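J.: Sequence:
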Amino acid sequence: MDNSSTSKMIKNKLRSFLTATILVVSFVALVFSNLVDTAKISFPISVIISIIVMVLSLFLILLYAKQISFGQGLIFLTLFAFYVVSYLFHMSGFEYLINIIAITSIIILLPKLDCNKRSFKVLPIIYFIYVILVMAFAPKHSGVVSNSVVSFKNMNPNISSILLMVFTIYLLKLLSETESKHKKIALIALIILSFYFQIDFSSRIAIIGSVFAVIYYLFRKKLNRIKSNKITVFVLIVFLFSPIFCYFYSVTLFDFIGKGNLIIMGKDIFTGRQVIWSEAFLFIENDLFLGVGNVFKSTFYPNEVTATNLHNQMMGCLVCFGVVNMILFAFSYSVGVGVIWKTQGFQFSATLLLILTIISYTETVFYSSNIIYVVIFGLLMTSNTSAGEINDKEDSLRMDRE
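The numbering of the sequence shown is the numbering used here, which starts it at 1174 and goes up by one.
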């Protein structure tokens, strides 16, 4: 065995090990962050888990640096540098910083990961059990308080719904792959059950996301023909329009309609986000370039001792890290989605990312530790399970040609 073959074998083993480790750690973090009330634990375990995922992802970035396009690599390095500079400027938002870097790394690496190992066959069983437990025991209404450190009552209904939405996309992927009538019936039953509990959790945005996923499943043969550059441009436009939407919703639309005059699914169209966003625009007006860190507090949560969740990812990036970093994240994410979309067998993962782009209008899904691991684990689970074999075949063909 020559040196190049030995190097390739070591590289593939590292890829397999790191992929499986990220999968397992992200699932442990998913369970931990949604079961444990971290406010009652002085030791910052969630931060440590975030650092582990980020370091593993960055190691893989270095491992596959030559296979990442120059443009995508340059955007990522610029994003990394500017986010670190922004953090050092105001020394706030560290956990958000490492979560942003972790998710952008995973998106860049997703087509290169080895998702065909034993952990990808064992964890789905545990994942199914966990989701069933969430359906049965997680609170169906916000404001439910738990006195214990470990409890499903520590989960927010919105987070439970997003977990179920990601689960639905995973089930649709399995449904697209199976030929067994019995398995199809079982999967369809689980999808219906997932929809039922999303309605029970009263999360409108997660239900919309799940409906989009079903639409993709039904028309995937036609939708898969859409060119990746169009997907990239679409995601970028949606992201950059997000702060404009927030201003329109919180100022223009709120003044025009007023609270309590438009009810959808039993909830007023204005749920308090208009207060948070309108105050955030005033708070950030003199610090648009590098942001202010995670220090903004809204009067909507007068009793909160920590900074308010902005409930919009682009607003979160804008307020915490500044307009430059908001745009850099939008570019890095949209280019990554385009690359994933054009990679054979990864369309369900790209669909999840597309849907999360819409979800990001109401939740900080890409840096909140309560959601980020749902996203990372969901991305890995919806990836092509034969990705590692495909990459190996492509490498072997290159070696034969040489």
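Be aware that one or more of the hints could be misleading.
Simulated restraints, written as ranges between beta carbons of each label pair [as the list claims (entries may be wrong)]:
1. 1373 x 1179: 37 to 47 Å
2. 1407 x 1267: 24 to 34 Å
3. 1352 x 1387: 35 to 45 Å
4. 1387 x 1421: 23 to 33 Å
Keep in mind that the hints were calculated from the coordinates and are not lab data. Since the model is a prediction, treat every value here as computed from it, not as a measurement. C-beta: ideal position from N, C-alpha, C; glycine also.
J.: Could you tell me whether the CB distance from residue 1373 to residue 1179 stays inside 37 to 47 Å?
T.: With Cβ atoms ~55 Å apart, the hint is violated.
J.: Confirm or reject the claim that residue 1352 and residue 1387 have a C-beta distance inside 35 to 45 Å.
T.: violated, 20 Å
J.: Confirm or reject the claim that residue 1387 and residue 1421 have a C-beta distance inside 23 to 33 Å.
T.: Given about 29 Å between the Cβ atoms, the range holds.
J.: Is the hinted range of 24 to 34 Å satisfied by the C-beta distance from residue 1407 to residue 1267?
T.: For residue 1407 and residue 1267 the Cβ distance comes to about 32 Å; the hint holds.
In this structure, the hints that do not hold are numbers 1, 3, in rising order.
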